[in-house]
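Make a model of the complete structure from these sequences and hints.
Taken in sequence, the protein lines are chains D and F.
Each number in the numbering used here corresponds to the 1-based position in the first sequence with 6 added.
Each number in the numbering used here corresponds to the 1-based position in the second sequence with 33 added.
Read the hints as simulated data drawn from the structure, not as lab findings.
Just to be clear, a hint being listed does not mean it is correct.
To be verified - Restricting the straight-line Cα-Cα distance to at most 30 Å, the calculated cross-link-like pairs of lysine-lysine (BS3-like) are: (1) Lys178/D <-> Lys62/F; (2) Lys115/F <-> Lys29/D; (3) Lys152/D <-> Lys62/F; (4) Lys62/F <-> Lys100/D; (5) Lys115/F <-> Lys152/D; (6) Lys124/F <-> Lys150/D; (7) Lys124/F <-> Lys141/D; (8) Lys470/D <-> Lys481/D.
Bear in mind the structure is a predicted one, so any value in this text is a computation, not a measurement.
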Amino acid sequence: MVYENPDGIRIGLEIHVQLNKLKTKMFCGCSSDYHNAAPNTHTCPICLGLPGTLPVLNKKAVEAAIKVGLALEGEIAEETQFHRKNYFYPDLPKGFQVTQYDFPIVGKGKVVIEGEDGEHVVGITRAHMEEDPGKLVHIGSIEKSKGVLIDYNRSGMPLIETVTEPDMRSPKEARRFLDKFRNILEYLDVFDGNLEGAMRVDANVSVHWGTRVEVKNISSHKGVERALLYEIMRQKNVIRRGGKITLETRHFDEGRGVTISMRTKEEAEDYRYFREPDLMPMRVTDWIPAIRETLPELPDAKRARFIEQYGITDMHAKALTSKIMLADFHESICAQGVDPKIAATWTADVLLGELNYRDLVIGADVQGYAIICYNQKNPDIVRHIRVNDMVELVTFFAEGKISDRAAVEVIRSILDSKEEKTPLQIIEERGLLKAESDLVTMAVEETIAENEAAVQDYLGGAEKSLNFLVGQVMKKTKGTADAKTARELILKELKG
Amino acid sequence: MITKEDVEHIGWLARIEISEQETVEYMEKLNSVLEYFGQLDELPTEDVVPTYHVAEIYNVFREDIVEECLPQETVLANTEYKQDGTFRVPKIG
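Listed below in structure tokens is the structure:
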């Protein structure tokens, strides 16, 4: 099946990602850990753009950019250099933003996503480094703003802006691209997508192969699908009424789910880019081999290995590798010798489903020990899900000691309660253990199903066969069943 | 050739108010600078790699080590327009 793209939709994305795993900002030693800090407490003369200061580039930011470039299968430039992009806006204290222009660090690359009709290649045009501006808070809405409050804590944070080709053919593909992109960056350990403002997206979208409109200010990867659906509908309506789409920039209002035309500037944008004289050019291609060595197994490779190594389905492998912390969690569980297929089901289907239902997202992990989830709407709700607990739960289930309904109840109980109880404690408290007689009944049913010859012999009059069947039940229950009960149950089954 | 409109545009981009008289003056001065650069066009430079930096220095980096920041009071010391630790400025656009 080939996707026809009936509306001639083309979507290209510009994604700004904060390299928030770095300890310091791009050009100064200010701490990047400002997310819960009071305004203007993480600044210095360099990121405040005071005169006479000299920026010096964070080496780790360049390494991170190369990592991202390699993961996107992009070309790393022989020589790369910063420019000044000049414009006046209060989020930029200097009157210009330090960015890259015609010598970006990463050139053409690609990302393969699951498209409308199977694997779909989205071209990467380029990726470059730049500094984040400060944060503006409008008093009132952006349209009827009465004034603006500025916090420069974010000013000078290292960003990577990635520009794609207009290769996505639906809002769904755009979202899938972003999911994949975010996942890759988290694998690379350069980015924590859970932090506020970590990823910001602008989208170019056109219908009927026509004029593109830029939609700015999409702050979440979930927002992109809504913003694009709205914008495509709007453009189609304009065309249906005989109107024309004009090249313009629109602002996405996340709360209302609509795009708003920004007042068109009387003068065309003119950034007067010029080379940043305070920063020396870079020749860093000799770093590539060493950085390539440090690249982790990326999502696609991990997914293929999971299928191969654990014998799990593609669906499960995809879900488990959709977040590096979840993939590590699964591997830690399997390392303790539980059945990987059963473990995959309980993690990928049940646990993930229950997390989603509660708006819980995986925010951190202690590798080999636990994942830490928090509620997206109320970050004070935090839940630890321990590897050992999943192992215990899966083992109980696999040994038939608890029903699947009981196992789900245990997971729900862990997620709903602040008290950190082990599955065993919950099972005991709630009496979820299958009754002894249930276990024997199960063993009896199995024995009868597995020993048809003996059953036929008995029904044909061979009394001895009954003893054999009882023996099998005793074996299955590891001798815990009462022989007399077992005998009665077998007779009941055979007669019933 | 730089026109009066070009000078006005450049002034707007730099947020500098330029009077009618200054516009003419700057137009003439800028044109004379451009003319001077025009002389360079007479030289054969096809095979010359453009010089962007006069210093032959590459790869100047710092390590990712946290240094002390300025206290909030110091950051806001030079403005009278502040609110809850932020700079307050007029609405934009």
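Pair hint lysine 470/D and lysine 481/D, alpha-carbon separation not exceeding 30 Å:
holds (17 Å)
Are the Cα positions of lysine 62/F and lysine 100/D separated by 30 Å at most?
Holds. Lysine 62/F to lysine 100/D sits at ~27 Å (cutoff 30 Å).
Are the Cα atoms of lysine 115/F and lysine 152/D separated by 30 Å or less?
It holds: about 15 Å lies between the C-alpha atoms, which stays within 30 Å.
Sort out whether lysine 29/D lies within 30 Å of lysine 115/F, counting only the CA atoms.
holds (28 Å)
For a C-alpha distance cap of 30 Å, please report whether lysine 124/F and lysine 141/D respect it.
holds (14 Å)
Holds or violated: lysine 124/F and lysine 150/D, Cα atoms, limit 30 Å.
holds (9 Å)
Do the alpha carbons of lysine 178/D and lysine 62/F lie within 30 Å of each other, as the hint requires?
Answer violated: lysine 178/D to lysine 62/F is near 56 Å, above 30 Å.
Would you check the hint for lysine 152/D and lysine 62/F, treating anything up to 30 Å between C-alpha atoms as holding?
Given that 30 Å is the threshold and the Cα spacing comes to 41 Å, the pair is violated.
Violated hints for the displayed structure, listed by number in ascending order: 1, 3.
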